[in-house]
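Asks: Below are the chains, spelled out letter by letter.
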Amino acid sequence: MAGEARKSLSPFQLSLRRLLANPTAMTGLLILLVLYFLALFSSFFSLADPVKSNLDSSYHPPNWFHFFDEEGQFHWRPFVYGMECVDLDYLKYEPVLEKKYPLRFFAEGYPYRLWGLFECTRHFIQVETGGEFHPLGCDSLGRDVWSRLLSGSRVSLSVGLLGILITLTLGTLMGGIAGYFGGWTDVLLMRYVELILSIPGLYLILALRAVFPQHLNSVQVYLLIVVILGFIFWAGLSRVIRGMVLSLREREHVLAARAIGASHLRILVRHILPGTFTYLIVAGTIMVPSYILGEVSLSFLGVGIEEPQASWGLMLKEAQDVQVLDDFRWILSSGVAIFITVFAFNFLGDGLRDAFDPRKD
Amino acid sequence: MLLQVSNLRMHFPIRSGVFSRVSGYVRAVDGVSFEIAPGETLGLAGESGCGKTTVGRSILRLLDGAEGEIIFRDSPNLLSLSQNQMRRYRRDIQIIFQDPFSSLNPRLTIASTLIEPMTIFKIGQSRRERRELAAERLREVGLRPDHLDRYPHEFSGGERQRIGIARALTLEPSLIVCDEAVSALDVSVQAQVINLLMELQAARGLSYLFISHALSVVEHISHRVAIMYLGKLVEVAGKEELYQSPLHPYTEALLAAAPIPDPAIRRERHLLEGDVPSPINPPPGCSFHPRCPSCFSPCRSIEPQLTEVRPGHWVACHLETHPDSPRKAR
Numbered sequence: 133m134a135g136e137a138r139k140s141l142s143p144f145q146l147s148l149r150r151l152l153a154n155p156t157a158m159t160g161l162l163i164l165l166v167l168y169f170l171a172l173f174s175s176f177f178s179l180a181d182p183v184k185s186n187l188d189s190s191y192h193p194p195n196w197f198h199f200f201d202e203e204g205q206f207h208w209r210p211f212v213y214g215m216e217c218v219d220l221d222y223l224k225y226e227p228v229l230e231k232k233y234p235l236r237f238f239a240e241g242y243p244y245r246l247w248g249l250f251e252c253t254r255h256f257i258q259v260e261t262g263g264e265f266h267p268l269g270c271d272s273l274g275r276d277v278w279s280r281l282l283s284g285s286r287v288s289l290s291v292g293l294l295g296i297l298i299t300l301t302l303g304t305l306m307g308g309i310a311g312y313f314g315g316w317t318d319v320l321l322m323r324y325v326e327l328i329l330s331i332p333g334l335y336l337i338l339a340l341r342a343v344f345p346q347h348l349n350s351v352q353v354y355l356l357i358v359v360i361l362g363f364i365f366w367a368g369l370s371r372v373i374r375g376m377v378l379s380l381r382e383r384e385h386v387l388a389a390r391a392i393g394a395s396h397l398r399i400l401v402r403h404i405l406p407g408t409f410t411y412l413i414v415a416g417t418i419m420v421p422s423y424i425l426g427e428v429s430l431s432f433l434g435v436g437i438e439e440p441q442a443s444w445g446l447m448l449k450e451a452q453d454v455q456v457l458d459d460f461r462w463i464l465s466s467g468v469a470i471f472i473t474v475f476a477f478n479f480l481g482d483g484l485r486d487a488f489d490p491r492k493d
Numbered sequence: 319m320l321l322q323v324s325n326l327r328m329h330f331p332i333r334s335g336v337f338s339r340v341s342g343y344v345r346a347v348d349g350v351s352f353e354i355a356p357g358e359t360l361g362l363a364g365e366s367g368c369g370k371t372t373v374g375r376s377i378l379r380l381l382d383g384a385e386g387e388i389i390f391r392d393s394p395n396l397l398s399l400s401q402n403q404m405r406r407y408r409r410d411i412q413i414i415f416q417d418p419f420s421s422l423n424p425r426l427t428i429a430s431t432l433i434e435p436m437t438i439f440k441i442g443q444s445r446r447e448r449r450e451l452a453a454e455r456l457r458e459v460g461l462r463p464d465h466l467d468r469y470p471h472e473f474s475g476g477e478r479q480r481i482g483i484a485r486a487l488t489l490e491p492s493l494i495v496c497d498e499a500v501s502a503l504d505v506s507v508q509a510q511v512i513n514l515l516m517e518l519q520a521a522r523g524l525s526y527l528f529i530s531h532a533l534s535v536v537e538h539i540s541h542r543v544a545i546m547y548l549g550k551l552v553e554v555a556g557k558e559e560l561y562q563s564p565l566h567p568y569t570e571a572l573l574a575a576a577p578i579p580d581p582a583i584r585r586e587r588h589l590l591e592g593d594v595p596s597p598i599n600p601p602p603g604c605s606f607h608p609r610c611p612s613c614f615s616p617c618r619s620i621e622p623q624l625t626e627v628r629p630g631h632w633v634a635c636h637l638e639t640h641p642d643s644p645r646k647a648r
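Protein chains in written order, with my numbering: chain Z, 133 to 493; chain D, 319 to 648.
Simulated from the structure, these hints should not be mistaken for lab results.
Even for Gly, the Cβ is constructed at its ideal location relative to N, Cα and C.
Be a bit skeptical, because a hint or two may be false.
Said to hold, decoys possible - To be clear about the criterion: a stretch of chain D counts as covered by chain Z if any three or more of its residues have a C-beta under 8 Å from a C-beta of chain Z, and this derived list gives those stretches: (1) 375-382; (2) 422-428; (3) 463-469.
So here's chain D without its partners, still in its complex pose (with noise of 0.2 Å):
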């Protein structure tokens, strides 16, 4: 395995008074286990807050006081590392986030912000070479050499995220995380980002953790998904499995909601109602339970464990695994 994530928790305190006590946690990720094999792209979709993003930040360390256990080939937990230790594993991981205007220094030319991790990994001997090194980054990504000496505000969001996506692979990383990478663009170019991020996967055998909320676009890009939902997983599976047979409530509503581009086509829609609870203070038992529409009696009071139900195909849901299951009685 690439990279394992198991029990990764990220409560963020809260702080109120006069002396800053801690009142309460924020359960932003609570308990998340999953692998990531070499090649492969695992997509985490699901609403917004429900701590997609906080997974991501967590695995590369920019947020400091996640619990659990991360592994990096045959790494120690990343999670107990100094900031120090931290810094080989950095170039072996590395990230591409939302917003292509907030990503990108605006200060620096693009030719500055490529060539910045090669100085503090040493990577090429002189300027001129590294600045050679930048050029050929951002020919693989579908910009061209002559952009080097421009600033970000020349650029358009698309062309920003591909110069996100070359400062990202300066460090020839094995494991890239997409944080939204391609939500804030307009779908034409979104389809042009995701088929160079494929591109780029096949060519160099690139990992991916595709984080996003839009079911269509992770179906597209991901060998596996796993769907999240207010800090915990509550499906896992390969893709085809998941989209034309999800076992957990949840999904089942995703996908219903999701549009399908065919008006001939009507189909039975249970929308989901009511509102995601607060992760502060999470509902007992599973904690889809008061908007679940198959909701019975143990749901409200025990928390259901993500189990393989079927090869590959893991779910937290007591429909599934519950002796007391309507769906069994079926």
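For reference, chain Z alone in the conformation it holds in the complex (with noise of 0.2 Å):
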């Protein structure tokens, strides 16, 4: 009997085994990972308080840590020279050699709460008080770029997990409906969904937020952009639920289930919509990026994440100004954050598609 105890695969686990062999989604994963890491301890890796201004940096180059100084001479502790404003109408930088500042790591910092719930002052890194270190520059506010990109991270990141999940629970729930009862319902719902694409994205964005009040608190206004982009991208999924469901439905092994006389619940939770979960990892994964890049337009806009608050899509929004742009190149380092999350999304995407390819089943 011990020869016939051999573990039986389903097709879920199967997939699965394909995903982990594919060295470009397992790339695309381990991004995920690291930047979901570094966004849920955000205030713990953060340099500076994302949303305290400090005139005197306005524009602050990014600065770098030296284990060597000028003499070479190696410190046991890196450390960052000091910066000088050396002309005060472009904003130009120069290190201090005299004054060098040491790190200090699981230092104290800025208090902030942890998820919300614990108080902290710990932090991964910060340098010792008087100096400034800014691994990507600060802002005309003179806000560290790093610490706002983490603090940023949160929305940004999350804004995509939340949306998707709207998106594809409204998404399932209609296409299912429609394609699983057909005639009237399938044409009310249909219609519906093509209404709602047929309204040029943007301009439903911006007269959905237009619906709401002007001022809201920085959590419902978040919570008010994952709603907008959810509602906004169901609709076109759940026109692909609906052919998919069209076509299961006459599968004979929901035939079976009828003959049975499973009831329409049944039918549809356990025989019909099983057979678009593949799918719909697949699309999730690859959804997500529009959410970002979503709530990116949206606070480019105006209309998203406001200040002092930090999103990827505000910060960008700094960057619209040529010369600035020109001039404090870092600025850009939101719009990179992006690049990376987008590319990284979606190299996980092509691979779950691979994986869960039912042609391979």
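Hints are included, so try docking the two chains, each in its own frame, into the full complex.
Replies: Printed below as a string of structure tokens:
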């Protein structure tokens, strides 16, 4: 009997195995894990308070830490040079070689609440008082770009995940009902979907934003963005789900379920909708970047996250002036972050699509 | 009688235009009547697209809109029941499908597939008891109980078809509609599955409606055979009678088209010419007349009725029933 006790793998498990063997997808997954890890502990990895401005370091350029000083002497503790503004008109900074500020790890810094629950003051890296360490420079108000990038990632990275939940739920529900019951239900739901799809996305976003009060606190604005984006994207998805349900409904195992007297709910939940799961996983992953970009557009247009809170779209707004962009290129960091995230999601999405390809089952 | 089907019609509406107006009907099944006795196998044979599958699915109410009368034992007309009222008859009438690759849910283990009908009809007290019953069904169809925790993709076509049979058996039905149940299988596996079906019939007194386009398979398993053409039955008779002395020219042509496994035997071939007419717009009179080699004048205008010309031998052909028939004059 021992020989027969081999483990049976479900189609899902088989697909997962294929995914794990795909280097591109795993690269994407690894990047995303790092990004989400950083977002989860964003305050801990912050160098400075992301919302506190410091006009003395407006457009402070990126500076890096050193182990060897200008005389080639090794310092056991890495340090940064003090920076001095040498040209107030053009905001040019020069390092002051005499001033060295060592970095401290797991040091005390500005107080924050971890996940809004725990009072903390520890940070991964802090520079000794008086020094300025800005690996990605500062923005016009002298706020550390790296810290704002981390703070903004909480918004930008979670908007996609929460939004996709709304989209998948609405899309599956509407598409499933339209496809399964057909007839007038189908006609009405699908005409409604077409109505939503026929309005240009950006106008729909603006119109939906206009429906709600102008001044909301940052949490409300955030939730509003999630709901708006989730609402916009479900329409396209529900059409695809409807099509899949239409074809799955005629599969013989669904007919067999009807023949054994299964209820509509049981047939839909157990025999039809699981057939769309692999598509949903793939579509969901590939759609996440649209949400991230959606939040970027909203904040960029000034109807999303508001100052002094940070989000990647809002940070990109500062980069809309070509003159500023040319003089202070590090302002574009959030663009690079968006780029990396979108790429990582697409790598993973492509891998998922290959792994869950039904032709391989 | 176990099952009595009278004047079964299934017309699928063709919708066209912006407002989906009904512009015509596909007469997939157009007035079919037959009976099945307990323990009997009725073979239903015909070309692709003649409406065989539609007949089978109408009996199980898997299609909406069928008209006519279907009586199971002493039930009311199954076609007039609501889906809820229909449920209590589902235990008695089950179906086996053609495609062993799509007839099992790929995401459920064999145990889940077999236990589902028991859950719905509250057979067995506990999950453990239902599992025992499922294991027994698997043994009955020639599979091992340790197959229970596997997924459909781990089985061959023949094994999957056995699982499909096991699923149909869990409700202990008295009638099973076999919809092209062996057509997708290799010939050797076909024989195994057919023998299994016949053993089950002997053991449980099952009745089958055996739908197939393969005349040799139908001959092997059936007691009586019905030949269908363009939504209508053209000939119904006992197996030996039908295969040895077919009366309808269509049956003759079908039998003549079947290959004989002996190259020494030469036989006169009168192969059918032309295509099956469209069921949207069937020809007037006998629907077979455009392809019939012995067509004569009434065939083009009067529709022949299924008539019992010999005891137990029904045929819908003017050659047998019309007074001007050339066959009668001979």
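Asks: Determine for every hint whether it applies to the structure shown.
Replies: Hints and how they fare:
Remark: the region 375-382 of chain D is confirmed as covered by chain Z, as 3 of its residues place a Cβ nearer than 8 Å to a Cβ of that chain, reaching the required three. For a cut-off of 8 Å, the count of residues in the region 422-428 of chain D with a CB near a CB of chain Z stands at 6, and the three-residue condition holds. With 4 residues bearing a CB less than 8 Å from a CB of chain Z, the region 463-469 of chain D meets the requirement of three and the coverage assertion stands.
Against the hints set out earlier in the document, no violation occurs for any number.
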